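Enquirer: The primary structure of each chain is shown beneath.
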Amino acid sequence: MQDKILLSMRGIGKNFPGVRALHNVDFTLRAGEIHALMGENGAGKSTLIKVLTGVYGKDAGTISIEGKEVFIRSPQDAQKAGISTVYQEITLCPNLTVAENMFIGRDKNVLVGWGKRYRRAGEILRNLNIPARPRQQLGACSLAVQQMVAIARAVDMDCKVLILDEPTSSLDDKEVEMLFTLMRDLRSQGVGIIFVTHFLEQVYAVSDRITVLRNGELVGEYEVENLPQVELVAKMMGKELQGLSDLKQDDNEAAFTGTPVYEVAHLTSTTGIAPFDFSIRKGEVNGFTGLLGSGRSESVRAIFGADRVSGGTVQVEGKKARISNPKQAMKRGIGYLPEDRKADGIIADLSVRENIILALQVMKGFFHPLSQKEQDAFVDEYIRALDIKTASADTPIKSLSGGNQQKVILARWLLTHPKYLILDEPTRGIDVGTKTEIQRLVRRLAKDGMSVTFISSEIEEMLRTCSRLIVMRDRRIVGELRGTKLSQDNVMRTIAGGEQ
Amino acid sequence: MKRFASKIKWSKYTQLLKTKWSKYTQLLKTKWSKYTQLLKTKWSKYAQLLKAKGRKHAQLLVPLLSILLIAVFNLLRDPSFFSVEISKNNLDNPVLTGNLISILNGASELAVISMGMTLVTAACGGQDISVGALGTIAASVFVKILRDGQITAGTIVLAFLACCAAAMVFGAFNGTLVSVFKIQPMIATLVLFTCGRSVAYWINGGATPTIESPLINAVGSFIPGCPVPTPILIVIAVGLLLGALLRFTTLGLYTQTVGINQRAARLNGINPTLIKLASFLVLGLCCAVAGCISASRLGLINHETMLQEIEMDAILAVAIGGNALGGGKFRITGSVLGAYAIQALTITLYAMKVPSTDVKAYKAIVIIIIVVISSPVVKQAISRLWAKVKENSQKKKEVAA
Amino acid sequence: MKKFARLFIALLLVCIMTIGAAAAEITVGIVNNPPSESGYREANVKDFEAVFSSENGYTAKTFYSLKNDEQLSAAQQFITDGVDYLLISAAETTGWDAVLASAEENGIPVFLFDRMIDCDESLYAAAVVSDMANQGKLAVEWLIAQNLTEYKIIHIQGAMGSDAQIGRTGALDKQVAENDNWTIVVQQTATWDEAEAKKIVESVINSKEDFNIIYAENDGMARGAVAALDDAGITHGVNGKVIVIGFDCNRWALREVLAGTWNYDGQCSPFQAQVISDMIKILEEGGTIETKLVISEEKGFDAATITQADIDQYGLGE
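Chains as they are written, first to last, in this note's numbering: chain A, 363 to 862; chain B, 2 to 402; chain C, 2 to 319.
Treat the hints with care, since some could be wrong.
Said to hold, decoys possible - Cross-link-like lysine-lysine pairs, in silico, DSS-like; alpha carbons within 25 Å at most:
#  : chain 1 : residue 1 : chain 2 : residue 2
1  : C       : Lys68     : B       : Lys361
2  : A       : Lys726    : A       : Lys781
3  : B       : Lys89     : C       : Lys242
4  : A       : Lys760    : A       : Lys412
5  : C       : Lys242    : B       : Lys354
6  : A       : Lys412    : A       : Lys366
7  : B       : Lys330    : B       : Lys183
8  : B       : Lys46     : A       : Lys735
9  : C       : Lys62     : B       : Lys89
10 : B       : Lys46     : B       : Lys398
11 : B       : Lys183    : A       : Lys704
12 : C       : Lys175    : B       : Lys354
13 : A       : Lys704    : B       : Lys330
14 : B       : Lys330    : A       : Lys760
15 : C       : Lys138    : C       : Lys242
16 : A       : Lys689    : B       : Lys330
17 : A       : Lys689    : B       : Lys183
18 : C       : Lys209    : B       : Lys354
19 : A       : Lys735    : B       : Lys52
20 : B       : Lys330    : A       : Lys726
21 : A       : Lys681    : A       : Lys693
22 : A       : Lys781    : A       : Lys809
23 : B       : Lys46     : A       : Lys412
24 : A       : Lys735    : B       : Lys43
25 : A       : Lys760    : B       : Lys380
26 : B       : Lys52     : A       : Lys751
27 : A       : Lys760    : A       : Lys809
28 : A       : Lys412    : B       : Lys380
29 : A       : Lys809    : A       : Lys644
30 : C       : Lys138    : C       : Lys282
31 : C       : Lys153    : B       : Lys89
32 : B       : Lys330    : A       : Lys735
33 : B       : Lys46     : A       : Lys751
34 : B       : Lys354    : C       : Lys153
35 : C       : Lys68     : B       : Lys364
36 : A       : Lys751    : B       : Lys330
37 : A       : Lys760    : B       : Lys52
As the list claims (entries may be wrong) - Cβ-to-Cβ under 10 Å is the rule here; a few derived chain C residues that face chain B:
#  : residue
38 : Ser39
39 : Ala61
40 : Ala191
Simulated from the structure, these hints should not be mistaken for lab results.
Keep in mind that this is a model prediction, so the values were computed, not measured.
Where is the CB? At the ideal position from N, CA and C, for every residue including glycine.
The whole structure should be built from the sequences, with the hints applied where relevant.
Expert: See the structure below:
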């Protein structure tokens, strides 16, 4: 039963003007398995998913479900064929109730009373162990629960194939575990799950098989047990990995000997974080760690003046300073790459050029616009230096891949030559190759004398890049780790409230 | 023997000639290929540049197309529509007349207001519907000051400055509601839309107060000796000023940034409140200019009918100009072209003696066409069609090969 | 508790006193167009304010709007408030039956002024109106008296459907239909907007069509039309190529007529308040009104005969 082939895609090809997005890709999904679809950005994952869900038409190949060939020309066709998708961004309506969200837009029988629907929703939620009440407003639930409601909606539509596109990127560990439990439940009910994610650990925690794509072509399909993590990364990148583990051989002295660039005492903001002390030295890379919601982002936002600062004294390079809005922080040589790239980072409709020069332009002032020539010089330099893949400098940033968008934002701040750069989740939602690139860049910048605060949900990444970790829990700092104490175990223990 | 020798000589010459010839041809060939290569690379570079430029100016396609459409229509209908003549007006000054001048002249108020409206739209993602009322208030201040004293060049300048100040106060009122209190622009400006004309009436008292002076005539119609209607010159001046403002400051970049992503703008040190407020101040100034033009045209102000329904035309001009009404990227040139397109349409309909009550219906039709053409659905369909045409031509080439 | 009772009694007393005071005066509800509409309306509103003042024993409640529906609801509100008389100058001639019927039920006499309403005669006590048709007729008669061989007219209309537009258009339309040497070059509405009037005339000039008369249904639009003539170098007024006709007798317009740049301005008398006040006095004394329809006497001013005295007496505004 477990080996029954549910979905079979053969020889799928898809071309866009000038680009071969998919070429001769096979994909097989068995009933009752969780199948991870892996690949770097641009490997063709999302194109494959979109072909499967009818968003794009395919140019070649066949799709069959339970042995019968199906023709999927629209998302409706996909739904009828039993294919459901839950996207990274939750596409439900937060101002409706949980049950309304589960039933709206798919029930042809308008005569069915809502009482009945609420009862049915309650049953489904109970069966799937989803901690939500049918009459609760969806917006009041945590992101994870909203995600699960979206899954419940999909499952209730008799779906055989469930596609989860980056479902965990905005969840914390506990919520991820809840989601995994739900996924395992569904697996045992015979649903085939396609799991798209960037988190390698999660792939190993929950999947049975892995299909790897690269440059629009199939690399191979593997059983999880037979593919060690390092090899997976190597297959995704198409080369043997080097230096992913030994990034931080040159443990930076600066962290403990340099002069303080930025110091703060009892800093707090209206977001409810406890007043905290913090300092960073010239050339140091440190980081705030903790679970999502522990206050790590709020802390750096307070440093940058992004939220309303309600207390604390700040010293920049030994001199007292007032930082109550981002512009003041920028004038003091601080840069901040925000956590939410889409909402706080990119100016979607503007070109790569304008996105890169923005911060520098603001610092130069309202009456001193950069000339076209200066812009070109800066932009070309950083596009080359950070290897930003864009058709031209005038391409709107929204048409770039996530990783390249992130590089543009990074370029924006590097261009201002900050003394102190804050990077909040610079590697979220981007491919492995770019991740390591960014990590290396951070180390290099520190070596050149820049101070960097680095935040990431992946602890290993932080251990690799930071020489000092400030650990947070429940919106307050609970410990600090450095030198030999830096290990995953210690971080966990500190978060959990144990010894350092 | 001699013959033989000459033969040998001959063959030698021919040989020499042949080798030389082949050398020359070789050289020519290589040179030729080099030149063609150079031309090709140059050409492709130019083509690329043209493409890039084209993409940059693609936004202007819709307004230009609408103007072209109206022009072609008139050309077929009556080519004399385009005739422009120099004649003498009743003050014995040489003046330009003709439908084209009527269009350019008549659209002046609309053109100026739509420039400001573009900025507000881009920064706030909404429109100011009080521009007509605001312009009337400004004009009312202008007229009030001129009626209270002698009309001289000095007092006209003074009156203009005072009316700019008044317009900026009311613009700031709108802007504060939008930027500080975060009220939707249309709702916020509804206040002034409703009561603005009463305010204008209250300033002047009289129903249709008049101002009469050759100087006012020079502002509203013609400067003696200059055949171009003064309002057209004013539009050019305002356009240049705004162009300079956008070129020598970062207002354009900031406005677009705020319009697209306000949160990101703040995190990059831009103050969105200030930028939105600034856009309303600029619009206020534009309304003041439009009000002064309108009041000077006839030396009279009618609070109820001055700049009537210009807000809708201005919004339409912004839309025809290819600017997103939801804010973000903008081209002021587009809006100005849009304004002229609207006026061209109106004048064309007048020339055809279409009842002016029906003009609105025709405008509505044009709006529908433009909105549909610039909708994403049609755009996609066109690009798909284009791709197919390209594919077909390629196939044909392959077959031919 | 006692305190409350005292307060209550005091309030009651105040109420009784105010009602008593109000009863001494006559309350009138006036529904009109806003004074900013035109010079005519400004004078009209001032006239009513002056006559229905507290010195003359009236309490006046006023409502001004250009919109018929707003006027309707205001009138209904006045009826609910219990005014003694309702005075109406309607924005549009239709749609008033229900409101007038409700006034009748409540025993409130209705006076129409300035403009007629399309309804049964029994629904109002009296109407004191300008005869717009007569104004048009006077202007057309004046035109006929000019004895031109050909009449080529640019006709600029007011807001379509308004009483003034219908009346002033009617006489001209009739004359044009009946005479072959009268032609309309263009007939357009500028909705009382001077700038629009200018554009309309400009467009005729640009099309090179010949015309010799501008018949504009108010002064503002005539001014707009004249501006277009001036720009194109076309002479107008006495001894000019084009005859200019306006309506309403704004003071500045009459000055143009006196200067000979315009030829004719038709009067539209805004002074109806005194007539209505007299009728109310009759009703208050228990009398009855004999003539239901009172038409204000109006005339037209010709450039040849107008005097400064006429301007001082009949001119509206300043």
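Enquirer: Evaluate each hint against the coordinates.
Expert: Hints, verified against the model:
1. Proximity of Lys68/C to Lys361/B is assessed by CA-CA distance (about 19 Å); at most 25 Å being required, the pair is judged to hold.
2. Taking the CA atoms of Lys726/A and Lys781/A, the gap is about 16 Å. The hint holds against a cut of 25 Å.
3. With a C-alpha separation of about 15 Å, the suggested pair Lys89/B and Lys242/C falls inside the 25 Å cut-off, and the hint holds.
4. For the given pair, Lys760/A sits about 19 Å from Lys412/A by alpha-carbon distance, which is consistent with the 25 Å threshold.
5. Restraint check for Lys242/C and Lys354/B: the C-alpha separation of about 23 Å stays at or below 25 Å, so the hint holds.
6. Between the alpha carbons of Lys412/A and Lys366/A the distance comes to roughly 24 Å, so the proposed pair stays at or under 25 Å and holds.
7. Among the hinted pairs, Lys330/B with Lys183/B is consistent with the structure: their alpha-carbon atoms are about 21 Å apart, no more than 25 Å.
8. Taken as a hint, the Lys46/B and Lys735/A pair is honoured in the structure, with Cα atoms around 19 Å apart against an allowance of 25 Å.
9. For the hint linking Lys62/C to Lys89/B, the alpha-carbon distance of about 54 Å lies beyond 25 Å, and the restraint is violated.
10. Of the pairs offered as hints, the one joining Lys46/B and Lys398/B holds, with about 24 Å between alpha carbons and a cut-off of 25 Å not exceeded.
11. Taking the CA atoms of Lys183/B and Lys704/A, the gap is near 22 Å; set against the 25 Å cutoff, the hint holds.
12. Taking the CA atoms of Lys175/C and Lys354/B, the gap is about 21 Å. The hint holds against a cut of 25 Å.
13. Only pairs whose Cα atoms come within 25 Å are accepted, and Lys704/A paired with Lys330/B is accepted, the gap being roughly 17 Å.
14. Our distance criterion of 25 Å between C-alpha atoms is met by Lys330/B and Lys760/A, whose separation comes to about 13 Å.
15. Pair hint Lys138/C plus Lys242/C holds up; C-alpha atoms about 23 Å apart against a cutoff of 25 Å.
16. Proximity of Lys689/A to Lys330/B is assessed by CA-CA distance (about 23 Å); at most 25 Å being required, the pair is judged to hold.
17. For the hint pairing Lys689/A with Lys183/B, the CA-to-CA distance comes to about 22 Å; that is within 25 Å, so the pair holds.
18. Straight-line distance between C-alpha atoms of Lys209/C and Lys354/B comes to about 13 Å, which keeps the hinted pair within the 25 Å bound.
19. Restraint check: the Cα-Cα separation between Lys735/A and Lys52/B comes to about 20 Å, which is no more than 25 Å; the hinted pair holds.
20. Distance hint between Lys330/B and Lys726/A is fulfilled; the C-alpha atoms sit about 22 Å from each other, no more than 25 Å.
21. Taking the CA atoms of Lys681/A and Lys693/A, the gap is near 14 Å; set against the 25 Å cutoff, the hint holds.
22. A threshold of 25 Å between alpha carbons decides the hint, and for Lys781/A with Lys809/A the separation of about 12 Å falls inside it, so the pair holds.
23. Straight-line distance between C-alpha atoms of Lys46/B and Lys412/A comes to about 36 Å, which puts the hinted pair past the 25 Å bound.
24. For the suggested pair Lys735/A and Lys43/B, the alpha carbons sit about 22 Å apart, so the restraint of at most 25 Å is met.
25. Note on Lys760/A and Lys380/B: the hinted pairing holds, with a Cα-Cα distance of about 18 Å set against a maximum of 25 Å.
26. In summary, the hint linking Lys52/B to Lys751/A is supported, as the alpha carbons are separated by about 20 Å, within the 25 Å threshold.
27. In summary, the hint linking Lys760/A to Lys809/A is not supported, as the alpha carbons are separated by about 32 Å, beyond the 25 Å threshold.
28. Under the criterion of a C-alpha separation no larger than 25 Å, the hint pairing Lys412/A with Lys380/B is consistent with the structure, at around 21 Å.
29. Under the criterion of a C-alpha separation no larger than 25 Å, the hint pairing Lys809/A with Lys644/A is consistent with the structure, at around 10 Å.
30. Restraint check for Lys138/C and Lys282/C: not satisfied, since their Cα atoms lie roughly 34 Å apart, outside the 25 Å limit.
31. Taken as a hint, the Lys153/C and Lys89/B pair is honoured in the structure, with Cα atoms around 23 Å apart against an allowance of 25 Å.
32. For the given pair, Lys330/B sits about 22 Å from Lys735/A by alpha-carbon distance, which is consistent with the 25 Å threshold.
33. Proposed proximity of Lys46/B and Lys751/A is supported: the alpha carbons are some 21 Å apart, at most 25 Å.
34. Proposed proximity of Lys354/B and Lys153/C is supported: the alpha carbons are some 15 Å apart, at most 25 Å.
35. This hinted pair checks out: Lys68/C and Lys364/B have alpha carbons roughly 24 Å apart, not beyond 25 Å.
36. Taking the CA atoms of Lys751/A and Lys330/B, the gap is near 23 Å; set against the 25 Å cutoff, the hint holds.
37. Taken as a hint, the Lys760/A and Lys52/B pair is honoured in the structure, with Cα atoms around 20 Å apart against an allowance of 25 Å.
38. For Ser39/C, the suggested interface contact is upheld, since its CB lies about 5 Å from the closest CB of chain B, less than 10 Å.
39. Proximity of Ala61/C to chain B is violated relative to the hint, the smallest CB-CB distance being about 19 Å (cut-off 10 Å).
40. With a cut of 10 Å, the hint placing Ala191/C at the interface with chain B holds, because the nearest CB-to-CB distance is about 7 Å.
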